[in-house]
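Next come the chains, spelled out residue by residue.
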Amino acid sequence: MIDLQLAAAEVFMVCAICVVLLVDVWLPDERRLLTFRLALLSLVGAAVCSAYYLPNGSVTAFSESFVTDPASAVMKIFAYLIVGLVFIYSRDFLMRAGLFKGEFFILALFALLGIMVMLSAHSMLTMYLGLELLALSQYALVAFDRDSPIAAESAMKYFVLGAIASGTLLYGISFIYGVTGTIQLGAIAAHFSQPGAITVPALLGLAFIIVGVAFKFGAVPFHMWLPDVYQGSSTPVTLFIGSVPKIAAFALAWRILSESLGDMHGSWQTMLAVLCVLSLVIGNIVAIAQSNIKRMLAYSTISHVGFIFMGFIAGTEDGLQAAMFYTLVYTLMAAAAFGMVILLSRSGFDAENLDDFKGLNARSPWFAFVMLMVMFSMAGVPPFVGFYAKLVVLGSVLDAGLIWLAITGVLLAVIGAFYYLRVVWFMYFVDPVDDSPLDAALDFRVVISANGLGLLALGLFPGVLLDLCARVIG
Amino acid sequence: MLANYAPILIFLVVATGLGLVLLALGFALGGGQKDAEKLSPYECGFEAFEDTRMRFDVRYYLVAILFIIFDLEIAFLFPWAVSLDTIGLFGLVAMGIFLAVLIVGFIYEWRKGALEWD
Amino acid sequence: MEGIYLTIVLCPLAASIVAGLFGRQIGRAGAHSITIAAVAVSFLLSAYVLKAIAVDGAATYNAAVYRWAAVGALTMEVGFLVDHLTALMMTVVTFVSLCVHVYTIGYMHDDDGYQRFFSYISLFTFAMLMLVMSNNFLQLFFGWEAVGVVSYLLIGFWYKRDTAIFANMKAFLVNRVGDFGFLLGIAALLMYTGSLDYVQVFGHAERLSGESIEIVSGMQWSALTVACICLFVGAMGKSAQMPLHVWLPDSMEGPTPISALIHAATMVTAGIFMVARMSPLFEHSVTALSVVIVIGATTAFLTGLLGLVQNDIKRVVAYSTLSQLGYMTVALGASAYAAGIFHLATHAFFKALLFLAAGSVIIALHHEQDMRNMGGLRKYMPITYWTSLIGSLALIGFPGFSGFFSKDILIEAVHASTTPGAHFAYWCVLIGVFVTALYSFRMFFLVFHGEERIDPHVKSHLHESPWVVTVPLIALAIPSIVIGWLTVGPVLFGGFFDEAIFVLEEHDVVGELGAEFHGSLAFVTHAFVASPALYLAAAGVLVAWFLYMYRPGLPGQISEKIDVIHRLLVNKYYFDWFNENVLARGTRCLGGGLSRFGDQMVIDGGIVNGSARVVALLSIVVRNLQSGYLYHYAFAMIIGLAALIGWLVVEL
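So the protein sequences, as listed, match chains R, G and A. Under this note's numbering, the letters of the first sequence match residues 262 to 735, in that order. Under this note's numbering, the letters of the second sequence match residues 195 to 312, in that order. Under this note's numbering, the letters of the third sequence match residues 343 to 994, in that order.
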């Protein structure tokens with residue numbers, strides 16, 4: 262029984278998805294809101310399960326292929342929260358676009374389940390299972406708008422490239438299995454902690470696994486799918502893909518690189534550092550040339566990935582905590598940013614271009630301010646939480662003695678500040694292109710305001726989340 | 195060592211033999227007239243030789259995919275059935291859950307009309 | 343107690359926010375009710391705290407309320423240190439602030455920025471309380487800067503007046519100079535002690551005096567002296583000591599209640615308070631004390647002289663404030679911190695009184711501030727007249743009035759001090775007494791006596807100010823008379839500041855005086871026998887009477903005779919001229935040159951725009967890599983994988 266309790270949230274989520282699915286197929290279109298409510302409810306239920314069945318330390322289950330620990334529980338609860346935001350931001354947009362179908366919620370919940378499995382994976386296969394569940398759901402989500410050729414195109418690209426990455430990852434896993442004779446993460450770590458265990462095949466496997474991890478994160482040069490998919494998907498899907506799966510990517514890197522291949526840190530540190538610098542450079546510089554807001558945010562994601570990598574590169578406990586903090590903060594910022602994009606779009610008109618933000622202050626001072634908070638936070642302006650996120654990762658890299666990396670990070674963050682501030686400039690100092698007032702449901706307004714203010718509040722009291730990260734991980 | 199592979203060898207021999215025997219039987223006992231239609235290669239639903247850029251119904255794919263999903267999942271039942279005596283009640287319950295999830299999927303595609311041709 | 347302290351601090355802040363952000367909704371009455379209520383609560387609680395500490399002997403409170411950030415071993419906190427010194431300052435600050443709030447209702451009655459004004463002065467109260475109640479340098483600095491910002495806002499309150507904008511810029515810039523020194527001082531202490539907490543830093547004081555620091559190569563200075571002098575530079579800015587005093591007279595551009603609030607009781611005393619608070623540091627550095635006493639004495643004497651030639655009523659009071667601040671600084675330099683703080687407290691009352699009285703006159707004359715257009719107001723404004731008289735007497739140190747006690751003890755303390763420079767300081771403050779009496783009564787006679795030079799149009803409806811103006815005047819007049827008499831014994835000689843202020847045995851001049859102190863009455867009678875200051879003050883009043891009442895033509899003749907000195911005084915020793923023509927113009931030339939060659943050509947042209955152009959170019963090039971073709975993408979991934987494996991091969 263103890264095994265099932267440890268996986269209570271996942272078990273609950275499977276049941277909840279089945280219920281939502283069964284209810285949804287019998288609902289007439291006009292009562293589709295029930296699906297939306299049930300989906301939110303299942304998030305709440307999962308959160309309760311995660312919080313209630315929280316072991317003190319790290320406990321494994323199902324023959325050591327599954328693990329529950331405080332860190333994964335915290336990140337799961339964060340994931341529920343972000344998915345909840347996604348649902349609330351998406352509802353009205355989907356209705357207006359005629360896409361308000363149960364499948365959106367069901368696929369998102371399946372993806373979430375994949376993330377949960379990845380967070381709790383304690384064996385290579387569990388990890389892979391979760392990854393595929395997440396990836397397949399995402400492919401389907403990208404193609405969700407069936408009448409849009411660009412969505413189909415990007416779904417196809419995503420699918421093919423994702424399949425390549427999955428295959429590479431699986432290949433790497435098979436190398437590691439061949440070397441160690443086990444797929445269980447703890448046993449792999451034990452194997453590599455012996456002297457002389459790091460052999461050429463193991464390193465080859467490592468290289469392949471890193472490709473898989475880098476693809477999941479969207480690090481350069483495995484990032485090519487990211488801008489096309491962000492742009493091609495309808496905005497709610499972009500919102501989803503742009504936020505929560507970063508937690509999964511973190512889980513992948515954390516469980517596999519830090520926990521089981523931690524003793525090979527010396528070997529993967531340089532690889533990640535190269536990917537990190539490339540991501541920072543390409544992400545920040547190409548973002549400047551974008552005129553499409555979703556594409557710009559895609560490149561911004563790539564640059565944020567560089568910062569998350571820094572925490573792993575440091576290879577210390579502090580670094581891991583910093584990476585976790587950065588990941589969580591990033592998901593919050595991304596949710597708010599895409600939420601704003603949704604807010605600006607109305608039926609038959611996707612707010613896609615940066616120009617749509619022009620003169621937002623004249624149309625709605627408050628939402629302009631919310632966007633300002635998001636942009637400042639992403640750019641790393643104090644007192645917003647994005648500043649602290651950058652501060653802690655840079656600090657951990659400095660502590661690890663990688664001064665050149667920290668300097669590169671800071672320089673590129675400065676270059677990156679340009680395109681965030683350009684949005685602010687558009688909002689406040691340029692005349693609006695169209696000055697129809699913004700309309701959104703009350704809950705949308707409240708939630709996005711809270712989301713934006715949360716960035717400020719967490720920035721004023723960064724200790725809350727930092728302490729939490731420090732307590733649960735490492 | 196090689197003795198372990200003896201059953202496979204026997205299996206190969208028997209299978210080949212059986213195939214040949216059946217063909218030979220059909221050839222010997224069948225008789226009958228052979229016309230052009232009967233002699234042409236057969237493939238389900240298609241003309242065997244024509245332009246590759248022809249149009250065909252996309253619903254084939256749907257059916258094929260659904261078939262494969264259920265086919266593969268059901269294939270899982272065979273090893274389960276063989277080892278049921280060792281995995282006992284736990285195995286029974288596990289398979290129950292597995293099938294329940296599968297049934298949910300089935301209900302979904304049924305309600306969505308994926309099983310209706312028109 | 344923590345709840346009480348938080349309430350004291352946060353009430354004015356909350357009221358300020360409400361009045362500032364929702365001023366339009368709550369209206370004028372709402373704005374003044376809420377801010378006055380908040381400050382009244384703060385005042386009552388401060389008085390309660392003072393009673394608890396001074397009378398009931400409650401223990402010193404020193405604790406952090408909120409930890410803001412921790413960087414390595416360094417913690418940054420918001421905390422309160424409440425002891426006798428703090429409690430006294432809190433009460434003075436909130437009391438004067440309360441009076442000013444009430445007075446403002448009348449003074450700002452017709453102003454459009456009514457709610458904004460109340461918001462500012464409440465915010466100012468908050469900032470000042472944060473400053474005095476802090477238990478660490480960071481919060482002290484926060485309060486210090488917050489006070490500076492609000493003073494900037496207040497001086498420039500009438501932001502449509504060019505002179506007001508100029509004055510607030512000037513105040514802000516001059517204070518920046520001081521603040522920079524202050525920040526350096528804090529940084530030096532942080533560097534040597536690794537802490538921002540008062541108690542911890544003070545614990546290191548003795549060790550620090552032994553350590554030396556080398557700023558210019560080959561010159562060894564005591565680290566503590568450098569830190570203390572840097573801190574004192576901050577105090578010079580905020581407490582307007584020469585040569586950073588130039589902002590204060592100009593700050594009279596603000597509405598009168600601010601002038602009173604800022605310049606009498608609160609902002610300018612921040613520097614004095616800070617030095618007294620840092621007494622454990624200053625005590626260990628005789629050099630620093632010497633700097634303090636010389637600067638203070640110079641300020642006390644020279645700015646007093648300036649008061650003699652001013653014609654604007656508020657400016658006279660402003661220069662008087664400068665001079666009195668010099669007195670307080672002298673006391674600090676003489677290690678008579680308690681005397682300095684005591685003078686600060688008494689001065690708060692009578693200087694606020696004088697400012698508000700001046701304000702009352704200004705309202706009555708419809709914003710006329712030139713004393714040459716006044717005179718003979720006694721019969722029109724009796725309450726203002728009598729309260730002004732009380733304030734002036736207190737200021738010049740008339741026996742029995744509050745200023746008498748504080749100033750006399752201060753002078754005696756300087757006399758007894760062994761700090762290098764104390765001798766010079768003693769003569770400065772002594773002659774300063776004469777000067778003080780002279781300018782105070784010059785103003786008094788010119789405003790209230792003599793021939794009426796008032797504009798006839800104004801004169802027709804000249805009357806006493808409304809009760810909201812006169813009540814604070816009376817409320818301030820009473821303590822101006824009695825507070826010294828009542829409190830001199832217990833506060834100065836009763837060991838009131840023993841815990842809060844640290845004085846080395848050999849510097850303890852206040853203690854020496856205490857041995858000879860036998861009650862207020864004895865002190866007053868003793869003064870008639872032994873105090874030269876009393877006779878100098880009397881001489882000052884007489885000379886003022888002679889010059890401005892008996893022979894009104896004489897001052898003009900005198901100033902013609904000593905034309906050079908007169909011009910020096912009228913031009914305020916050419917400080918402004920120097921600042922504007924040498925410092926400002928020189929800096930502007932340097933800045934202009936650097937801007938043209940360094941900034942526009944090298945930095946803007948080469949580095950900023952150049953790099954931006956390179957980035958933009960790069961961005962467009964790299965963007966083209968994103969071709970949209972799936973096989974390009976897959977190819978990139980394969981290349982990435984190959985590179986990773988290739989790197990492995992090289993590494994092996």
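Since the hints were derived computationally from the structure, they do not count as laboratory data. Do not rely on the hints blindly, as some may be mistaken.
[What the hints assert, rightly or not] Here are the simulated distance ranges between beta carbons:
#1 A/980 to G/220: 48 to 58 Å
#2 A/974 to R/699: 32 to 42 Å
#3 R/290 to G/253: 55 to 65 Å
#4 A/345 to G/288: 53 to 63 Å
#5 R/454 to A/980: 26 to 36 Å
#6 G/197 to A/974: 46 to 56 Å
#7 R/696 to A/809: 50 to 60 Å
#8 R/331 to G/288: 21 to 31 Å
#9 R/696 to G/261: 51 to 61 Å
Even for Gly, the Cβ is constructed at its ideal location relative to N, Cα and C.
Here is what the structure says about each hint:
| no. | hint | verdict |
| --- | --- | --- |
| 1 | A/980 to G/220: 48 to 58 Å | holds, 51 Å |
| 2 | A/974 to R/699: 32 to 42 Å | holds, 39 Å |
| 3 | R/290 to G/253: 55 to 65 Å | violated, 24 Å |
| 4 | A/345 to G/288: 53 to 63 Å | holds, 60 Å |
| 5 | R/454 to A/980: 26 to 36 Å | holds, 33 Å |
| 6 | G/197 to A/974: 46 to 56 Å | holds, 54 Å |
| 7 | R/696 to A/809: 50 to 60 Å | holds, 52 Å |
| 8 | R/331 to G/288: 21 to 31 Å | holds, 29 Å |
| 9 | R/696 to G/261: 51 to 61 Å | holds, 55 Å |
Of the numbered hints given earlier, the model fails hint 3 alone.
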